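Novice: Line by line, the protein sequences give chains A and B. For the first sequence, position 69 matches number 68 in numbering that gives the first Met the number 0, and the numbering has no gaps at all. For the second sequence, position 299 matches number 298 in numbering that gives the first Met the number 0, and the numbering has no gaps at all.
FYI, nobody ran anything at the bench for these hints, they're computed from the structure. Quantities reported herein were computed from a predicted structural model and do not represent experimental measurements. From the three backbone atoms N, C-alpha and C, an ideal C-beta is built for every residue, glycine too. Hints may contain errors.
[As the list claims (entries may be wrong)] Label pairs and their calculated CB-CB ranges:
hint, chain 1, residue 1, chain 2, residue 2, range
1, B, 357, A, 99, 27 to 37 angstroms
2, B, 377, A, 11, 45 to 55 angstroms
3, A, 66, B, 73, 47 to 57 angstroms
4, A, 149, B, 358, 38 to 48 angstroms
5, B, 62, A, 11, 22 to 32 angstroms
6, A, 98, B, 377, 53 to 63 angstroms
7, B, 203, A, 98, 54 to 64 angstroms
8, A, 70, B, 374, 34 to 44 angstroms
9, B, 357, A, 1, 40 to 50 angstroms
10, A, 144, B, 320, 34 to 44 angstroms
11, B, 377, A, 70, 30 to 40 angstroms
12, B, 210, A, 128, 29 to 39 angstroms
13, A, 143, B, 203, 28 to 38 angstroms
14, A, 14, B, 259, 57 to 67 angstroms
[Said to hold, decoys possible] Listed next, the stretches of chain A that the computed footprint assigns to chain B, with coverage defined by at least 3 CB atoms under 8 angstroms from CB atoms of chain B:
hint, stretch
15, 25–33
16, 42–53
17, 56–68
18, 121–131
[Stated by the list, open to error] Here are some chain B residues pointing at chain A (derived, C-beta under 7 angstroms):
hint, residue
19, 69
20, 133
21, 147
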Amino acid sequence: MSTVAFVVISILTLSAALAAATLHRLMHAALTFAVMFIGISAFFFLLGAEFVGLVQVFVYIGAVAVLIVFTILLTRHDQEKTSEFNWSGTVIALAVFVGLLWAIAKTKSLSVAPPPIESITVQRIGDILMTSFVWPLQCVGVLLTAALIGALVLVLEEKPQ
Amino acid sequence: MADLLDQIFIHAKQWLLSFAIGRAPDWIVQIASSLINIGALLGVFLTLFALISVLERKILGRMQNRYGPNRVGPFGLFQPVADGIKMLIKEDIVPTRADKIVHFLAPILIAAAAILSLGVIPYGRNMTPFVIDGGILFFFAVGSATELTVFMAGWGSNNKYSMLGAMRAIAQMISYELPLLITVLPVVMIVSSLNPDKIVALQGNYSFGFIPHWFVFTPWGATAFLLFFVSGLVESNRTPFDVPEGESEIVAGHMTEYSGFKYATFFLAEYLGMFAISGLGITLFLGGWHAPLQFLEFIPSYVWFFIKLSILLFVYIWLRGTLPRTRVDQIMNFAWKFMLPMAFTCVIAAAVWHYTGRGARGWLWSLAVIALVYFALSIFLDTKNKFAPRTYRFAE
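I would like the entire structure built from these sequences, with the hints used as guidance.
Specialist: Structure follows, in structure tokens:
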């Protein structure tokens with residue numbers, strides 16, 4: 000059952016990723032990119048990491064994809080221009096892929112039998128964040144607040160002279 | 000007897016499933032169970048959509064001193080059937096220069112997101128269609144996909160009004176998602192769970208046998224509920240916050256280039272979104288499916304849920320009949336300068352309520368916190384005598 004699901008989700012994710020890399024119109028690429036994010040969150044659900052899957056949808060579809068779409072809309076004017084096949088990009092992508100494959104094949108955890116998957120509930124993540132990881136959590140909170148205030152300062156309306 | 004009535008739909012589902020259990024493999028039973036839930040959900044809410052679309056026009060008509068639809072069937076109740084037939088046989092127009100695929104997918108995805116978010120709400124005792132530990136998170140994760148679909152509609156139509164409408168819709172959705180999420184936080188803090196069933200369960204007791212322990216009866220809960228309701232109005236693009244489809248300025252916003260059944264799908268998605276956000280409000284603040292008085296508990300739980308839902312929907316329609324449309328910059332100012340600070344105050348007030356013992360003392364203290372911030376904000380944001388002569392920066 001889960002193998003079938005894995006294959007289906009893999010095909011969906013990979014084809015969406017391929018489409019995002021090869022489609023000519025940037026907006027289509029951005030939208031297929033969002034489909035790929037959904038595929039990845041489906042993987043998290045399949046592995047029982049419900050919280051990570053939900054956050055994946057929440058952050059990447061709700062925020063990152065919208066941000067990408069807006070960036071394209073506000074900056075590009077040559078939407079119709081078609082780009083030629085990018086050889087250097089392909090070579091770099093292949094090199095990164097081979098490097099990752101080599102690194103993964105070398106890890107010892109591949110030969111170790113995986114422990115039985117116990118689903119990590121949101122409750123447990125909350126408990127851990129509020130007890131053993133409370134300081135990192137606070138630091139991240141301060142960082143994000145600083146980023147928020149910085150963004151507000153950047154867009155503040157200038158006083159008329 | 001009361002118990003049987005309360006659980007009658009659960010029994011019906013078990014009875015339906017009993018044909019499959021033992022004869023078919025487990026995964027077929029599982030899929031059948033999900034399909035029954037989905038079917039029930041769609042059946043109930045599509046019927047409710049049909050009903051509310053005619054009731055809305057009737058109520059608006061009453062408020063504006065006219066009849067409203069009254070030709071089709073008794074009291075015009077068959078109006079949705081006529082509307083449906085009309086929408087189905089209308090010509091489906093796709094602009095020549097539109098992006099065909101994106102234009103086609105947008106209404107489907109927007110309705111799918113709305114239906115998905117309906118799935119995690121507990122409609123009655125043991126009646127949550129999709130039980131998931133992080134139900135509240137699921138609701139908002141699915142809801143956040145709506146922005147992208149609205150954008151798809153606006154961009155795919157290749158029309159400036161569509162694009163402007165989509166931009167407006169996304170701008171106000173993103174702005175109001177923040178207060179919406181933060182007003183949910185106090186409830187999650189107090190219950191210490193993201194599970195809608197647990198949130199409802201904690202509101203099930205009564206003080207002295209007649210005051211229900213709904214969160215709306217605490218100062219932080221009442222404030223958070225009001226903020227939540229206003230944010231919900233904005234998220235579902237309802238009047239007075241329907242600038243994305245302001246007819247007088249940008250035709251119909253992102254729905255300009257849609258006709259026939261696709262337009263009806265947008266309409267459906269808007270109403271389903273309204274049901275979902277009201278349902279979540281009921282779950283979080285209004286005690287879910289619990290009865291308002293203890294001796295009324297013999298009435299089945301789902302009846303209470305739908306009574307509360309109808310009241311909230313009536314308030315939506317009432318507001319639409321009463322208030323004029325706000326301006327875009329007013330909506331944004333209101334979100335960032337008032338809603339957001341008040342939402343944070345709710346979180347603090349809930350913490351105060353918790354640490355002063357969740358009783359009468361905590362009630363007064365949290366009221367004090369909220370009143371303090373409210374008055375400080377009202378002094379700070381007061382624009383009296385501070386209106387500068389209007390300058391036009393972009394349209395000269």
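Novice: Count the residues of the stretch 56–68 of chain A with a beta-carbon closer than 8 angstroms to any beta-carbon of chain B: does the count reach three?
Specialist: holds (count 8)
Novice: Quick check: does the Cβ-Cβ distance between residue 66 (chain A) and residue 73 (chain B) fall within 47 to 57 angstroms?
Specialist: Check passed, 52 angstroms falls within 47 to 57 angstroms.
Novice: Using the beta carbons of residue 377 (chain B) and residue 11 (chain A), state whether their distance is inside 45 to 55 angstroms or not.
Specialist: holds, 52 angstroms
Novice: State, for the Cβ atoms of residue 203 (chain B) and residue 98 (chain A), whether the hinted interval 54 to 64 angstroms holds or is violated.
Specialist: holds, 56 angstroms
Novice: Identify whether the interface hint at residue 147 (chain B) stands, where standing means a beta carbon of chain A within less than 7 angstroms of its own.
Specialist: Holds, about 6 angstroms.
Novice: Quick one: are residue 377 (chain B) and residue 70 (chain A) within 30 to 40 angstroms, going by C-beta?
Specialist: For residue 70 (chain A) against residue 377 (chain B), whose Cβ atoms are near 38 angstroms apart, the range 30 to 40 angstroms holds.
Novice: Go ahead and decide if the range 34 to 44 angstroms is satisfied by the Cβ distance of residue 144 (chain A) to residue 320 (chain B).
Specialist: holds, 41 angstroms
Novice: Between the beta carbons of residue 70 (chain A) and residue 374 (chain B), is the distance compatible with 34 to 44 angstroms?
Specialist: holds, 41 angstroms
Novice: Measuring from beta carbon to beta carbon, are residue 357 (chain B) and residue 99 (chain A) in 27 to 37 angstroms?
Specialist: With a Cβ separation near 52 angstroms, residue 357 (chain B) and residue 99 (chain A) fall outside 27 to 37 angstroms, so the hint is violated.
Novice: So is the stretch 121–131 of chain A in contact with chain B by the C-beta rule, three or more residues under 8 angstroms, or is the coverage claim wrong?
Specialist: holds (count 3)
Novice: Given a hinted range of 29 to 39 angstroms, is it respected by the beta-carbon distance of residue 210 (chain B) and residue 128 (chain A)?
Specialist: For residue 128 (chain A) against residue 210 (chain B), whose Cβ atoms are near 34 angstroms apart, the range 29 to 39 angstroms holds.
Novice: Taking a Cβ-to-Cβ distance below 8 angstroms as contact, does the stretch 42–53 of chain A have at least three residues touching chain B?
Specialist: Three-residue rule met by the stretch 42–53 of chain A, so holds; n is 3.
Comparing the model with each earlier hint shows violations of hints 1, 5, 14, 19; every other hint is respected.
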